[in-house]
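Visitor: Each chain, written out:
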Amino acid sequence: MLRPYLDRLWSLLRGERELDEELRFHLDKQTEANIAAGMAPGEARRQALVALGGIDKTREEYRDALGLRMLEDLIRDLRYGLRQLRRSPGFTAVAVTTLALGIGANTAIFSVINAVLIRPLPFRDPERLMRVYERDKGPTQRELQPHRSNLISTSLPGFLEWRARTELFEAVGASRFFPVSLVLTTHDGARELSGTRVTANFFSVLGVQPALGRTFAAEEEKPGRGAVAILSDHAWREHFGADASVTGRAVTMNGRSYTIIGVMPAYFHYPQQQDVWIPIEVNDDQVRSFVQSGGAGQRGSRNLEVIARLKTDVPIVQVETVLRSLAQVNAREYPASNKGWDVAILPLREELVGKSRRGLLLLFGATAFITLIACANVANLLLARAATRRREMAVRAAVGAARTRLLRQALAEAAILALLAAAVGLAAGWWSLRSIVALAAGNVPQLDRPQLDWRVLCFSFAAAALACLLSAAASAAQAYRTAPGAGLKEGGTAAGSSRLTASFRATLVVVELALALVLLAGAGLMMNTLARLYAVELGFLPQRLLTARVPLPSYKYSASGGFDQAHARAFASDVVGRVESLPGVASAAFVYPLPFSGEQEGTNFEIEGREHGLLLTHIRVATPHYFQTLRIPVVRGRFFTAADGPEAPPVVLINETIARRMWPNEDPVGRRVRVKNAVREIVGVVGGVRHLGLDHEPGAEMYLPYAQYAVYSRLFLAVRAHGELPALAAALRREVMAADKDQPVEDIQSMDELIAGNAAPRRFYAMLFGIFAGVALALAAAGVYGTTSYWVSQRTHEIGIRVAMGARPADIYALLLGRQLRATLLGAVLGLSAAIALARLLGSLLFGVAPADPMTLAVATLLLAGVALFACYIPARRAARVDPVVALRCE
Amino acid sequence: MKQPKSDVLQGTLDLLVLKTLNTMGPMHGWGIAQRIQQVSEDMLRLNQGTLYPALLRSQQRGWITAKWGVSDNNRKAKYYSITKAGRKQLEQEAQSWERMAAVINRVLEGA
Chain A
1 MLRPYLDRLW SLLRGERELD EELRFHLDKQ TEANIAAGMA PGEARRQALV ALGGIDKTRE
61 EYRDALGLRM LEDLIRDLRY GLRQLRRSPG FTAVAVTTLA LGIGANTAIF SVINAVLIRP
121 LPFRDPERLM RVYERDKGPT QRELQPHRSN LISTSLPGFL EWRARTELFE AVGASRFFPV
181 SLVLTTHDGA RELSGTRVTA NFFSVLGVQP ALGRTFAAEE EKPGRGAVAI LSDHAWREHF
241 GADASVTGRA VTMNGRSYTI IGVMPAYFHY PQQQDVWIPI EVNDDQVRSF VQSGGAGQRG
301 SRNLEVIARL KTDVPIVQVE TVLRSLAQVN AREYPASNKG WDVAILPLRE ELVGKSRRGL
361 LLLFGATAFI TLIACANVAN LLLARAATRR REMAVRAAVG AARTRLLRQA LAEAAILALL
421 AAAVGLAAGW WSLRSIVALA AGNVPQLDRP QLDWRVLCFS FAAAALACLL SAAASAAQAY
481 RTAPGAGLKE GGTAAGSSRL TASFRATLVV VELALALVLL AGAGLMMNTL ARLYAVELGF
541 LPQRLLTARV PLPSYKYSAS GGFDQAHARA FASDVVGRVE SLPGVASAAF VYPLPFSGEQ
601 EGTNFEIEGR EHGLLLTHIR VATPHYFQTL RIPVVRGRFF TAADGPEAPP VVLINETIAR
661 RMWPNEDPVG RRVRVKNAVR EIVGVVGGVR HLGLDHEPGA EMYLPYAQYA VYSRLFLAVR
721 AHGELPALAA ALRREVMAAD KDQPVEDIQS MDELIAGNAA PRRFYAMLFG IFAGVALALA
781 AAGVYGTTSY WVSQRTHEIG IRVAMGARPA DIYALLLGRQ LRATLLGAVL GLSAAIALAR
841 LLGSLLFGVA PADPMTLAVA TLLLAGVALF ACYIPARRAA RVDPVVALRC E
Chain B
1 MKQPKSDVLQ GTLDLLVLKT LNTMGPMHGW GIAQRIQQVS EDMLRLNQGT LYPALLRSQQ
61 RGWITAKWGV SDNNRKAKYY SITKAGRKQL EQEAQSWERM AAVINRVLEG A
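Chains as they are written, first to last, in this note's numbering: chain A, 1 to 891; chain B, 1 to 111.
So here's chain A without its partners, still in its complex pose (with noise of 0.2 Å):
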């Protein structure tokens, strides 16, 4: 079957050498058949080539019939389908626009989807990268900690436990819970690090290899050893300016000497977003202890989080059965630190991406929904078009044109349509890509390397392709199957659409209007969550407030009983006398920790006098003014002041939360409470704060003044200005260096950047919704108003008649805008049940937003009939204005 498009293929390219040496065997032939015969050599061969004929016109008719033929008909079909396409300029702009959205916008998203959720991480094996954890089963720390999983670190002796099972793992590395906290010294000021502690084969279990240098060797665990450490790209950047002759040199860190041993790549950022890595040190005396008895070591030290290369051909089956029975055996004979414990593994991949695949398969959904809208539109309008040339088909088929050659060219102009969407496509996913990328922007991991995928974009366009290509074939191959005589009849292009194109193009339409509305469902709630999140009492003036973290370095912090806190103290009233004495500061105040810093320290606490369960609290540390920097006011009682010192009674304030809780009907100034190893007496009730987010409600929260609880050094600086606060930046660091040149100052960021920090991943989803949306809701228009269009075009005689009889223009629009009506209340109906089904999956995005909120669908479905109303409209105009002489003419 496919010999003759291969021999056609083969003799195009043979060309005109294989008739040459025909034609020569040919002529020895006749000429040897002539002598043969009697003739004399000469004359034979003249007489054969007179039997051949006129040689140059046997050329000719084969070149014809060779090359022009499959090329010309190829290009002849291409040019018809171009001049069709340019004949109906607005159908082919909306037509390549629609499926251009649709193969672009698809293609972005897949490529972000596949960058994120599929892409290999770029780890050396990484399917066989396992975190290993603890697993609490008990409720001790949820408590205090509800956002924490319970999935928790091992402890040191947990660590070697399952480093030792060498049949199970190839290696296993651990890394520390806590980062460390690195303040680095140079000549001009001091900055603070943040750094992992890892263990020696960390990387190589991994499998990354340094930009620069060197990783750590087996022997810089142990103690004395381990003043080396490794940058990240991004400190390594920042810090010390790309200097390629890092590696060697020293550096200080905390008042030690570190020689920076190298540098990982750019995308390599694992566990956290560290500047450093350091050693851990893990020395043999505690390795010893653990041996010596009988592995009991720390085991309720739990800060290592492990990781493990799986041995290949080991099924994590057989890892989990012999980890969790060992976990068994532990809560046997520990039960004091391992009661209750279990073990968890899960792949890397899960620990790294899991947090963004909802999101992400959200817009993936929504993604496919404008697809689906883009190719119903265009299948519809190409149908459509299709039925308003079926005379001129029936023309041509009744004339003798071959079914083939009518199917090509339908063909060859949906091809032309398919390639013109997919460049414009092309170009508006690169640009998409580059859009989400930009306001994604750190949201979401592994979006670093964006790329446009291939596969996809070819997919996308084949995808799209393909409903072209059907639509065409499809109404081609009606258009022949009418009877030839049918369409050529009076009337024919009007009764001529067969009812079922009718109703499936109608379908289309009532589908393309449900699909949106679906989308407008999910921008219209994340847009009411905006505005509720923004609206939130946040407790606190966010406006004109600047914020530092000035990070207390341990090595200059510490006395003989640990912290200095003396030291500390003066500190920071040293350097708030300094700040507040600047011009345009209003106040300014240590605190521990800030609101939205997305730090938080919880207590227990006792009411003296009282019998009670467990209290817990937020606790924080502040100076004087801090509750006047923040303008948090007070509610009974008064604030702190500077005689509330270390030689003074110890107090606290609580704020109304507590209050009302605890003490409803009285005033709970005076009262006692136990809280971080003292007893403390209320002096005060101040408002609560949103501390953790805009949608956290202000939970139970206490205050200590710094100067009597100074234990902390991770503080945060908060000053209230008058005017601007860029200028006021680089005073602040200023001062702080006046008082400690070196003391680092970090992350100097206004208040409301912190707050729109926390709501910036809720902005971005509505953003992205809010587009699609857009999209949607435009490309179902387009697909309203192609659809009507055709309607009136085909009936123009029918509504000739309607207004000949006496119809008036209202008449006419009634009639339009009621078909309209009937299907955007279909689709409404459906879209309105698949919203209400799907929103659900938006959950914790949603705030003080039901997922079925009807304000919400109620405003959705009016704007969505309202532009479906509209698109109708233009055409309903232009039906209404038929002058019925010239209607009644025409067919």
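Since the hints were derived computationally from the structure, they do not count as laboratory data.
Where is the CB? At the ideal position from N, CA and C, for every residue including glycine.
It cannot be assumed that every hint is accurate.
Unchecked claim - What follows is a set of in silico ranges between Cβ atoms, one per label pair, in the way DEER data are often shown:
#, chain 1, residue 1, chain 2, residue 2, range
1, A, 398, B, 88, 22 to 30 Å
2, A, 886, B, 109, 54 to 62 Å
3, A, 75, B, 15, 57 to 65 Å
4, B, 88, A, 75, 26 to 34 Å
5, B, 71, A, 75, 35 to 43 Å
6, B, 71, A, 54, 20 to 28 Å
7, B, 103, A, 56, 37 to 45 Å
8, A, 462, B, 98, 44 to 52 Å
9, A, 398, B, 94, 26 to 34 Å
10, A, 54, B, 15, 19 to 27 Å
11, A, 75, B, 104, 22 to 30 Å
12, B, 94, A, 87, 40 to 48 Å
13, B, 103, A, 389, 34 to 42 Å
14, A, 804, B, 97, 53 to 61 Å
Starting from the known structure of chain A, fit chain B onto it as the hints suggest.
Guide: Showing chain B alone in chain A's frame:
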């Protein structure tokens, strides 16, 4: 596209080629020309040259296929064979000729 000299003549030639290949099996162009001349007893004197474009067109229509081979005196020649589609075409054409002949006969006799 330029019309060939005479559609009827061309169609007839195609038919003759198909019949020849069907009866004689694979042949090269010269062989086909000889055979047609033999069978038609020189009545159809055509420019042998027109055979080759006709063979190409039949190839394009899928009625015959071509393959380069070696002739009986060791020279390279292009051999043509009929395909299934070609046989079907032959049958149809033959039938339609017969019908036409029968109609014309009737007309001639009846008039």
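Visitor: Tell me the hint numbers this structure goes against, listed in increasing order.
Guide: 3 and 11
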